[in-house]
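Protein chains: 2
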Amino acid sequence: MEQPAEGTIKIDRLQPGKPQGLVVVITGNGKGKTTSAMGMVLRACGHGLKSCVIQFMKGDLYSGEWDGVKRLGELVELHATGKGFCGIRGNPYSREEHRANAQAAIGLAREKLLSGGFDLVILDEINNAVRHRLVDLEQLLDLLAVRPERVHLVLTGRNAAEEVIERADTVSEVNEIKHAYRRQIEPQPGIDY
Amino acid sequence: MEQPAEGTIKIDRLQPGKPQGLVVVITGNGKGKTTSAMGMVLRACGHGLKSCVIQFMKGDLYSGEWDGVKRLGELVELHATGKGFCGIRGNPYSREEHRANAQAAIGLAREKLLSGGFDLVILDEINNAVRHRLVDLEQLLDLLAVRPERVHLVLTGRNAAEEVIERADTVSEVNEIKHAYRRQIEPQPGIDY
Numbered sequence: 242m243e244q245p246a247e248g249t250i251k252i253d254r255l256q257p258g259k260p261q262g263l264v265v266v267i268t269g270n271g272k273g274k275t276t277s278a279m280g281m282v283l284r285a286c287g288h289g290l291k292s293c294v295i296q297f298m299k300g301d302l303y304s305g306e307w308d309g310v311k312r313l314g315e316l317v318e319l320h321a322t323g324k325g326f327c328g329i330r331g332n333p334y335s336r337e338e339h340r341a342n343a344q345a346a347i348g349l350a351r352e353k354l355l356s357g358g359f360d361l362v363i364l365d366e367i368n369n370a371v372r373h374r375l376v377d378l379e380q381l382l383d384l385l386a387v388r389p390e391r392v393h394l395v396l397t398g399r400n401a402a403e404e405v406i407e408r409a410d411t412v413s414e415v416n417e418i419k420h421a422y423r424r425q426i427e428p429q430p431g432i433d434y
Numbered sequence: 242m243e244q245p246a247e248g249t250i251k252i253d254r255l256q257p258g259k260p261q262g263l264v265v266v267i268t269g270n271g272k273g274k275t276t277s278a279m280g281m282v283l284r285a286c287g288h289g290l291k292s293c294v295i296q297f298m299k300g301d302l303y304s305g306e307w308d309g310v311k312r313l314g315e316l317v318e319l320h321a322t323g324k325g326f327c328g329i330r331g332n333p334y335s336r337e338e339h340r341a342n343a344q345a346a347i348g349l350a351r352e353k354l355l356s357g358g359f360d361l362v363i364l365d366e367i368n369n370a371v372r373h374r375l376v377d378l379e380q381l382l383d384l385l386a387v388r389p390e391r392v393h394l395v396l397t398g399r400n401a402a403e404e405v406i407e408r409a410d411t412v413s414e415v416n417e418i419k420h421a422y423r424r425q426i427e428p429q430p431g432i433d434y
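Chains as they are written, first to last, in this note's numbering: chain Y, 242 to 434; chain B, 242 to 434.
The following block holds chain Y by itself, in its conformation from the complex:
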């Protein structure tokens, strides 16, 4: 990376007086929720922080971040545990299979959150999984309750529950103003997956 030439600009480095784990929720119907979570992983790596990503609904469709995070090396663990979007047309798995999968994933999430091995834990599409009752809201609220204070927890997916939003520190809603697929433009690698 090219930084400003020495002497032309002073680069400040923030350092919080009180390091504190945050609960971040990224919800809404627009493009950029998982993507934003992946950006946090990249940024965390720059600070030498360790991230664990658990993808709840994804796993049946290749996405670039699977290989992208490999380039980040030992600082990131990614588990694509899902069987695709439950209820979406063409998805061949039963509700019971989706639920069993999501239940294993929430167990894994709890284990990783409490392991002491990560600074940042991302539960990708967890809001969707709760909405479709693949995970019980109580299970997610339990994770929020037991989260070690120093660990950041990022929860993505549309339709975040009110109870989750209440307990979060930072909540963004990503709204769709326009999306290429509405003009029959196919999903493009690097941008859409």
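By construction, these hints were calculated from the structure, which means they are not laboratory data. Fair warning: this is a prediction, and the values are worked out from it, not measured in the lab. Take these hints with a grain of salt, some might be off.
Given that identical chains are not distinguished, each listed pair holds provided it fits within a single copy or across any two copies.
The list that follows gives simulated cross-link-like pairs (lysine-lysine, BS3-like), each with its CA atoms no further than 30 Å apart [said to hold, decoys possible]:
id	residue 1	residue 2
1	K353	K419
2	K251	K299
3	K251	K311
4	K419	K259
5	K353	K259
6	K251	K353
7	K419	K291
8	K291	K353
9	K291	K259
Given the structure of chain Y, go ahead and fit chain B onto it with the hints provided.
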């Protein structure tokens, strides 16, 4: 990364019949615009695509993505050309200095966009730079007009111009529902910078 066990799930790989560069705008006042752009960089890397990031307003304050992208290797170029947010309290540079900087950055953006060397070009905080007239709207519209069809162009920052939104394929607005800083929680590395 841990993928589903062989045989339990079939992993599909999308492949667009017509690869097409998209113009993506990420605007709004919420957390997750630059972050989302960084996620696209990570994802693009997974597909073996080359990205160039030019940061317009940033450069005076260390951000984790600067070192994060180094881990991605030769697939990413990042230029933090800014002198911080123009007009923000405490920023020591004059409007003229900010404008000269942004003008150099837009020249660089044009060069990189037309170079043939990148699949994805990200102009981080360009919308803000246009809003503050550090870059003329016409200069940005010119980039949109000359963009090679196969190159993705991602434009971030609040207050995206209507003319830019009109010309984009995908536009997301990230709205703040809550932000930790409003409760006097300091910015945290990995999440906020």
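Legend entry - Same-copy or cross-copy closeness of K251 to K299 [CA-CA at most 30 Å]: between (43 Å within a copy, 12 Å between copies)
Legend entry - Intra- versus inter-copy proximity for K259 and K419 (alpha-carbon distance at most 30 Å): between (40 Å within a copy, 20 Å between copies)
Inset, instruction - At 30 Å max between alpha carbons, let me know whether K251 reaches K311 within a copy, between copies, both or neither. - result: So K251 and K311 pass the 30 Å test across copies only (21 Å; inside, 33 Å).
Inset, instruction - Could you place K291 and K353 in one of the four classes (within, between, both, neither) given a Cα distance threshold of 30 Å? - result: within (11 Å within a copy, 32 Å between copies)
Legend entry - K291 and K259: within-copy, between-copy, both or neither at 30 Å Cα: Close inside one copy (19 Å), not across copies (37 Å); limit 30 Å.
Legend entry - Intra/inter-copy verdict for K251 and K353 if alpha-carbon distance must be at most 30 Å: between (39 Å within a copy, 26 Å between copies)
Inset, instruction - With 30 Å as the alpha-carbon cut-off, assign the pair K353 and K419 to within, between, both or neither. - result: For K353 and K419, only the inter-copy Cα distance (26 Å) is at most 30 Å; the intra-copy one is 36 Å.
Inset, instruction - Could you place K353 and K259 in one of the four classes (within, between, both, neither) given a Cα distance threshold of 30 Å? - result: Within one copy only: 23 Å inside, 40 Å across.
Inset, instruction - State whether the alpha carbon distance between K419 and K291 is at most 30 Å within one copy, between copies, both, or neither. - result: between (34 Å within a copy, 25 Å between copies)
In this structure, none of the earlier numbered hints is contradicted; all agree with it.
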